[in-house]
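*Asks:* Here's the letter readout for the chains.
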Amino acid sequence: MTSTASLGNGTKKKSLDGLMLRYLVLIGLIVIASVGFSMANDNFYSLVNIGILLRSIAVLFLVSMGMTFIILTGGIDLSIGSNVAFSGAVGVITLTTTGSATLGFITALLAGMFIGSINGFFIGRLKLSAFMVSLATYALARGLALVLFDANSINVDNITFLWLGGVSWGNMPVVIPFVALVFVVLSIVLYKTPFGRDVYAAGANVNTAFVLGRRPERTLVWVYVLSGALAGLSAIITVGRVSSGQPWAGLYLEFDAITAVILGGTSLFGGRGRLLGTILGVLLYGIIINGLVLTGTNPYLQSLIKGLILLGVVLLDTLTQRGKTA
Amino acid sequence: MRLKTMTAGLALATAFGVGAALAADDTLDIVFINDGHVAPYHVAWLTGFEDAIAAYDKAFADVKVTGRWLSAEGSLEKMIQQTEVTINEKPDVMFVNAINVDAFEPLVAKAQAEGITWIAVHSPMESADYSFTLGDVVNGTNQGMAMCALSKGEPFQVGVMLGQAGNPSGEARREGILKGIATCDNVEVVAEQPADWDTVKAQTIAENWFTQYPDLDAISGVTDGYMYPSIAIATNSGKTDIQFYGYDGDIPIIQQMENGQVMADILLSGTREGWNFVQMAYRIHKGETPDKVYDFFTPLVLTEANHKIALEHGFPEDVQVYYVPEALEVAAKGYLEFGPDSVK
Numbered sequence: 001m002t003s004t005a006s007l008g009n010g011t012k013k014k015s016l017d018g019l020m021l022r023y024l025v026l027i028g029l030i031v032i033a034s035v036g037f038s039m040a041n042d043n044f045y046s047l048v049n050i051g052i053l054l055r056s057i058a059v060l061f062l063v064s065m066g067m068t069f070i071i072l073t074g075g076i077d078l079s080i081g082s083n084v085a086f087s088g089a090v091g092v093i094t095l096t097t098t099g100s101a102t103l104g105f106i107t108a109l110l111a112g113m114f115i116g117s118i119n120g121f122f123i124g125r126l127k128l129s130a131f132m133v134s135l136a137t138y139a140l141a142r143g144l145a146l147v148l149f150d151a152n153s154i155n156v157d158n159i160t161f162l163w164l165g166g167v168s169w170g171n172m173p174v175v176i177p178f179v180a181l182v183f184v185v186l187s188i189v190l191y192k193t194p195f196g197r198d199v200y201a202a203g204a205n206v207n208t209a210f211v212l213g214r215r216p217e218r219t220l221v222w223v224y225v226l227s228g229a230l231a232g233l234s235a236i237i238t239v240g241r242v243s244s245g246q247p248w249a250g251l252y253l254e255f256d257a258i259t260a261v262i263l264g265g266t267s268l269f270g271g272r273g274r275l276l277g278t279i280l281g282v283l284l285y286g287i288i289i290n291g292l293v294l295t296g297t298n299p300y301l302q303s304l305i306k307g308l309i310l311l312g313v314v315l316l317d318t319l320t321q322r323g324k325t326a
Numbered sequence: 001m002r003l004k005t006m007t008a009g010l011a012l013a014t015a016f017g018v019g020a021a022l023a024a025d026d027t028l029d030i031v032f033i034n035d036g037h038v039a040p041y042h043v044a045w046l047t048g049f050e051d052a053i054a055a056y057d058k059a060f061a062d063v064k065v066t067g068r069w070l071s072a073e074g075s076l077e078k079m080i081q082q083t084e085v086t087i088n089e090k091p092d093v094m095f096v097n098a099i100n101v102d103a104f105e106p107l108v109a110k111a112q113a114e115g116i117t118w119i120a121v122h123s124p125m126e127s128a129d130y131s132f133t134l135g136d137v138v139n140g141t142n143q144g145m146a147m148c149a150l151s152k153g154e155p156f157q158v159g160v161m162l163g164q165a166g167n168p169s170g171e172a173r174r175e176g177i178l179k180g181i182a183t184c185d186n187v188e189v190v191a192e193q194p195a196d197w198d199t200v201k202a203q204t205i206a207e208n209w210f211t212q213y214p215d216l217d218a219i220s221g222v223t224d225g226y227m228y229p230s231i232a233i234a235t236n237s238g239k240t241d242i243q244f245y246g247y248d249g250d251i252p253i254i255q256q257m258e259n260g261q262v263m264a265d266i267l268l269s270g271t272r273e274g275w276n277f278v279q280m281a282y283r284i285h286k287g288e289t290p291d292k293v294y295d296f297f298t299p300l301v302l303t304e305a306n307h308k309i310a311l312e313h314g315f316p317e318d319v320q321v322y323y324v325p326e327a328l329e330v331a332a333k334g335y336l337e338f339g340p341d342s343v344k
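Chains as they are written, first to last, in my numbering: chain A, 1 to 326; chain B, 1 to 344.
Just chain B, same shape as in the assembly:
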């Protein structure tokens, strides 16, 4: 009896196995190679990416969707090595957030020769099959213009925390922010300092600025990672009137808009972006051809009240704005826009 049960069980398991194998005769292997893995944004990225891989794999029985997420821990050499190893593995799609795009040019051709679709993340590459970009200059300009409007024409001092020197995405964000600020005369940039995407460095910079510039009205940053320590220092030192202008759409930062400390943010959202990566790879795998330069939709986030004030002070009406509740929902639920349902 026991033997019969075991045989039946084995047969059933084999049938399921064969069934599953037949069902998933097509595979989509996605590899994401990132420059780091410790910033809050990276954590959200990875979460969205992994959740999306699981969701797509579950939703589409005809495609076995798998994915890996690698971190170069800030090292160019490690990233090159990871890329070389990955090319040898021949995945279907590679997303590469290159520390410096020039260093990866020779590898793009190698990957393409192996039939791999190379998607350059954030910093566009002419040689890549696709470039996934964020419209950093436009986003930065929107942040700068929001600051202009919300400063209401009063004399206003701001310190701008930058990314790593030479990083294209960071440079583009800086360019945009300064361009936006330049649309008004009352806002003065009293300091610009690179914090290398590092929250600890951001903390030191914020401490120095609060000492050096007692009349500082605001801190603008090219990433929300800088906002966490800056807000904490401002709060602890009783500087509750300092305004913060963020960039990334981290949920805890958007949540702080309601109490008036954070005035504006750019809704990238790591989670949301992670989901979009998988959607993009799936679409390409199914034969769709996205734009060679794929601009991710990244609206400005304001409170409804601040949007009203901003409009009264010359903020352009055609700039699309998400209010806090909507932004929080979208930031938390990447599957709303980019889940399997969006491509069914």
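Excised from the complex, chain A in its bound form:
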């Protein structure tokens, strides 16, 4: 029981101390990685590269925030990447059929929420395994995307639809302030509303939450719907970025999101973690990917480096937890 929000002051302080240590470590790693990569390649700190880096992790920011909510409840969502492809398919087909960017946006969001609600219903209401349900919707959503797209991409030239994912102000992609806004809104939801407290409560101990009348099954439904909505938003950004709807968009995105959330200190067992950690996790992950590309690191070595970093952080997490319980 280490909920940061719902427990007494002593526990809260202790838990936050652990998270603060994690954030300091992450910030340290971000600084070390940035300095290292900039020494290896002058272009690392160039404004153009920073713009590329931020744009490339915008979608990961969004889906990772949704994944944070889910992991905080002790769940997992393996369907996010497929949902991005499916939502993109629905949005793009609506756009090309009706010519209306607004309808395209709305249907993309609704499509994402639809997959999220399937997850939420089976996991929250029917109490099925989150892993198994989202594994099923992972295949379902990708299959739907392939069928809708007929396995081919669809080009998009609607300037309004492409704006969010494709436009930059100078070197600053428009999508970054938007992601920051979403972060602020979700932070308010998570830390300042009863729903946020229910998210932590459901993850800390679902039975206790139920006894206390917190209705965790309803909370679970809504966190998956929220994650689906963020997948829908991500689909819109992805379409803008590549000027087309793609049946294979978002492939393996869920694994990157889970990695970033774990890097950010959110416990896979639920009840512990914060969005700030996820943001730092995504940033570190993005910097590593960007730096490895810039330095032309061999792809086999890249996998090794990513694996070692993740293993190191998980090990650090375990040691920190043991230190706290000792």
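I should point out that these hints are in silico values taken from the structure, not numbers from a laboratory. Hints may be right or wrong, so weigh each one.
[Claimed, not checked] Listed next, the stretches of chain A that the computed footprint assigns to chain B, with coverage defined by at least 3 CB atoms under 8 Å from CB atoms of chain B: (1) 186-200; (2) 239-247; (3) 287-294.
[What the hints assert, rightly or not] Pair ranges (Cβ atoms, derived): (4) B:192 <-> A:103: 33 to 39 Å; (5) A:36 <-> B:287: 50 to 56 Å; (6) B:113 <-> A:210: 43 to 49 Å; (7) A:168 <-> B:252: 28 to 34 Å; (8) A:315 <-> B:192: 31 to 37 Å; (9) B:192 <-> A:207: 49 to 55 Å.
Predicted model, so just to flag it, every value in this text is computed and none were measured. A virtual CB, placed ideally from N, CA and C, is assigned to each residue, including glycine.
Following the hints, put chain B in place on chain A, whose structure we already have.
*Replies:* Relative to chain A, chain B alone:
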């Protein structure tokens, strides 16, 4: 004395350094962005590419040849990011094996504006400076026609393992194979299944087919990556009479032609192709202009005995065929055709 030696050493090192810098005043930086890096073909690709970079750099003192090979690990978004980062690095030549060419159209213009030569690999792009293609439809047709001929007019059932849905190269290979098979009446395609270029998925598909189609005579694939697990399952389950028709020219698969399991293959050879990429970049850098659509020479591989049988059963005489020994040598030694000596 020690100081003098050190000074002399430093002077010598400086002289060599300056000499080297003066000698290599021209640079050729090549970046290859690929969709993955785990398939056996990708491994061979990378090996050929890296060996060729080193060989060209060594062979030509006036050009500093460097190269990087990036893998998007199957993710479109990662590939876009890698491409954007690479454009910002301004290499001379970019080879891009796009997961989906439409998604890369906006980036081609960006790269060209930076003076980078964009070479689309396998899936042609109109906007690219060049497209490096494999003649997939023709190759597939040759594979299908070889199957027709080697089935000798007997009733013959085949399962065809496809690439990832929507992948242009995979679709072209499928089109060719089916076109080749359609040249005879006795070969029946009992199953078609995408294995997404994934050997593990290929294994599952082969297992299912062997159960579902007890009279299956052959498996045809759009990549040799599918052949490894399929051959292993067939061998382990005692189905030694199943024939395999591959595509890629992987050396271990060509080697299995002599024992009669693999009947035909298409000699792309990752190693060979890796060498050809560097040769192509070098030629462009030196001012040559290849065809906008550069068709890589990819012959059909058969054993000499099977070629004879195939010809007796209507296989066209004008289709160029490499026999196993020649194919193995060429597949292993990309420098024979595309090394520095080929452009000197």
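*Asks:* Taking the hints in turn, state whether each one holds.
*Replies:* To see whether the hints hold, each was checked on the structure:
Evaluation of the coverage hint for the stretch 186-200 of chain A: breached, as 0 residues show C-beta separations to chain B shorter than 8 Å, against a requirement of three. For the stretch 239-247 of chain A, the assignment as covered by chain B holds, since 6 residues bring a beta-carbon within under 8 Å of that chain's beta-carbons and 3 suffice. Check on the stretch 287-294 of chain A: 4 of its residues sit with their Cβ under 8 Å from a Cβ of chain B, so the three-residue criterion for coverage holds. At roughly 36 Å, the beta carbons of residue 192 of chain B and residue 103 of chain A sit within the given window of 33 to 39 Å.
At roughly 39 Å, the beta carbons of residue 36 of chain A and residue 287 of chain B sit outside the given window of 50 to 56 Å. For the pair residue 113 of chain B and residue 210 of chain A, the beta carbons lie near 60 Å from each other, so the given range of 43 to 49 Å is not met. In this structure, residue 168 of chain A and residue 252 of chain B break the distance hint of 28 to 34 Å, their C-beta atoms being roughly 48 Å apart. Taking 31 to 37 Å as the suggested C-beta distance range, the pair residue 315 of chain A and residue 192 of chain B does not conform, at roughly 47 Å.
Taken as a hint, the range 49 to 55 Å holds for the pair residue 192 of chain B and residue 207 of chain A, whose Cβ atoms sit roughly 50 Å apart.
Violation of the numbered hints given earlier is confined to hints 1, 5, 6, 7, 8; the remaining hints are satisfied by the structure.
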